[in-house]
Amino acid sequence: MEMLHTISMNLMPLVYFAVWSCYMWLFITDNAIAHKWSTRLAFGAVILDTTAMVHLSLELKRLPMGGTLEFLGLLALALLGTYLLIEMRQVSKHTGFLITGMAFLCKLLADVLSTPAPEVNPYLSDPGFAGHALFILVAYTALSLSFLYAVLYMILARQLNRRHFGLLFRRLPSLDGLERMSLGAIEIGAPMLFFSLSLGHLWMYNLAGTITPELATELSPYDPKVVVSWIVFLAFAIILIGYRFLGWRGRRMVTMAAIAYLGLVLTMSLLNLYAPSFHKFQPPAAVESPSGES
Amino acid sequence: MTRPTTLHVHSINHHLAPVEIRERVHLDSTQTVALIKELCGNKKDSGCVSVLPISTCNRTEIYVEVIAGHDADEIVGAALVALGLDPALFLGEYTVSLDGHDATEHLYRVASGLDSMMIGEPQISGQLKDAYRLAREHHDLGPGLLRAFHGAFRAGKRVRSETQISHGAVSIAYAAVELARKFFDNLSLQKATLVGAGETGALAARHFLQHNIGELTIVNRSPEKAMELARVLTAEKEAGMGSTARQDGPNVSKEFDLTNAQITVHPWEDLVGALANADVILSTTGATEPIITVAMAEQAVSERKGKPLFMLDIAVPRDIQPAVGDIGGVFLFGLDDLKQIIAGNVESRRSQIPAAMRINAEEMDALQEWLDDVDLRPTVAEFRSYLENLKDKQVGHVRKRESEAVAEAVERSLQQFIKKVVGRSVSALKSSPSRAERERDLEALHRIFGNGKED
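Sequence order for the protein chains is A and B.
Going by numbering that gives the first Met the number 0, the residue at position 147 of the first sequence is 146; the numbering climbs one at a time, nothing skipped.
Going by numbering that gives the first Met the number 0, the residue at position 60 of the second sequence is 59; the numbering climbs one at a time, nothing skipped.
For reference, chain A alone in the conformation it holds in the complex:
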């Protein structure tokens, strides 16, 4: 079991590196072989890493999100998986090097700096919390990709305005395509955020009677992070409605997506610094049972 884990830990960064190299090769040369193999490699990496993650979860009997490094490992998988979904919908591969590069970095840090499992939040063993945490990870990953595509849109628009017909002009998808990729990411992220928040609320009510009164007062639906997440969901929902029903397009769409995401990052950063929240990686002080069976 341990040997399998060691193999996967050493192998996965190499697999992610291979995926990134293939997308980078595609971006620089537009090579037909790279075009053919990039998606296949990425798909293979997702299957391999998902298998490794499931295996690790079974071994640890919890979601492998027990610290920053474990989180980075899962984030790498979420990045690659979400990117593949967007790529398959938009049939454009030339932005893959950016996302697979980020995924590779996350994976490398997660596996190279990996230390023995820290004391982790026991809620990670709870299926309700695990589902909530996974959904929120995918949701925020997708919204981050939406921001990335919005920025790429602005960069390409700037290049066109300045008549820079270089590599970015030749390789990046059209403005239209980047806009749809940004929107596609929101279409994945916003519903995921909704499901994740809903699941979080349901899970919280399910815990009633299994936790200490002190903790119960902490687990509030009005936790600042929860409230901000709902506001962020609303903002992205408005963007989707604007696109579908009000004809918002182009610069207006991507600017709104970028502002919504930057607002999210800024607010969450401020909350992390100044506002108390029960959303922490550290284990809570007094939890009677992670499974809520006591």
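Among the hints, erroneous ones may be present.
Unchecked claim - Label pairs and their calculated CB-CB ranges:
#, chain 1, residue 1, chain 2, residue 2, range
1, A, I240, B, R357, 53 to 59 Å
2, B, H13, A, I258, 53 to 59 Å
3, A, G43, B, A342, 51 to 57 Å
4, B, I417, A, K35, 37 to 43 Å
5, B, G327, A, L104, 58 to 64 Å
6, A, I27, B, R376, 44 to 50 Å
Bear in mind the hints are in silico, worked out from the structure with no lab data behind them.
Virtual Cβ for every residue (Gly too), placed ideally from N, Cα, C.
Please arrange chain B on chain A, whose structure you already have, making use of the hints.
Just chain B now, kept in the frame of chain A:
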């Protein structure tokens, strides 16, 4: 025994010959057929095995396979004289004459677009295939010419698919489409407005229609001219193809697919309305003053809700006020921008030459390998045929006396035997210490097993 042949080419092309000369040496299909018949009608006398003439706007080339030892220049010259053509023009100072390996290399360069005026242009591939078909319709191509052309077609195909030598627009009209595609993935969902109905506008419109633009609105000071252009484009739509648009990009479909395109005419007085309704604006009028002002563009863009407006001004003097480009959401380009894109694409194509040459070299090596053994094939085929006949007879005897299963087993066994004997003979012939010894061995093999000898 087959006598060895050599390949020759006489090429008058854009590198050396000015257009006046290229016009004079151009061969139409009637002249091409006459030349084939003249050269190959009396093969034994002339020494000509086969000929393949090709004539395009940039080159006239005569590929000829002759029996070794014969003078290709003399053979082709005599045929030209017989047809009333001037041999001094075809074989003179503007002609590049190449033999053997050099001739083959030239053919491969031509087929892969490396010898074209615009590197990587795809038309030459089709033109070569047309010439090849025409030649085959009127005579049997010799083995050398046949194999060389097959190899050249394969090399051309590989160069185009494995390198980016044909990528990127190299004409103004196609560069306009390429630029528009940086804004909109799917042109069939977009609307274009053509301001001006002159020749340049018509050419640009055809390219956009060829790339399936969703709607085309023509606006012109003279509504009659706009109507006329709309009629021409609609007629082309009904005919299902465009006859005048150049196809110089890899993504250009061979035939127009205008089935979904709507071509309409809009009154000049409501130019602003036409602008507001368009995603792509092409302006090509002969006006001496700008006809699309900042105010008009601002009005057009105000209703777009963020969607970019792509404006292309390919008129000289310019039709669109330069300040229009400063309006948010408007992307204004002109002729110089298109030329800049073309220059970048040409440079990019040039960078693919080494890769293309590597592919050509690989394909030429394969051809050379085949040519090295070409003298073996007829004799080895005779030898194999002799052994096969022998095997069939022996299996027939066995079949009469034994069961079908035994006959099949004997047949399989003899087949293996033939394979080994022939294989051994071929490798022994290939490794002959000298050409003379190889010819001697082949002669012996031919004498013993050739000429339909049977036991």
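Consistency of the hints with the structure:
1. A/I240 with B/R357: 53 to 59 Å: 54 Å, holds
2. B/H13 with A/I258: 53 to 59 Å: The hinted range 53 to 59 Å holds for B/H13 and A/I258, with Cβ atoms some 56 Å apart.
3. A/G43 with B/A342: 51 to 57 Å: With a Cβ separation near 40 Å, A/G43 and B/A342 fall outside 51 to 57 Å, so the hint is violated.
4. B/I417 with A/K35: 37 to 43 Å: Cβ of B/I417 to Cβ of A/K35: about 41 Å, so the range 37 to 43 Å holds.
5. B/G327 with A/L104: 58 to 64 Å: Since B/G327 and A/L104 have Cβ atoms about 35 Å apart, the given range 58 to 64 Å is violated.
6. A/I27 with B/R376: 44 to 50 Å: For A/I27 and B/R376 the Cβ distance comes to about 45 Å; the hint holds.
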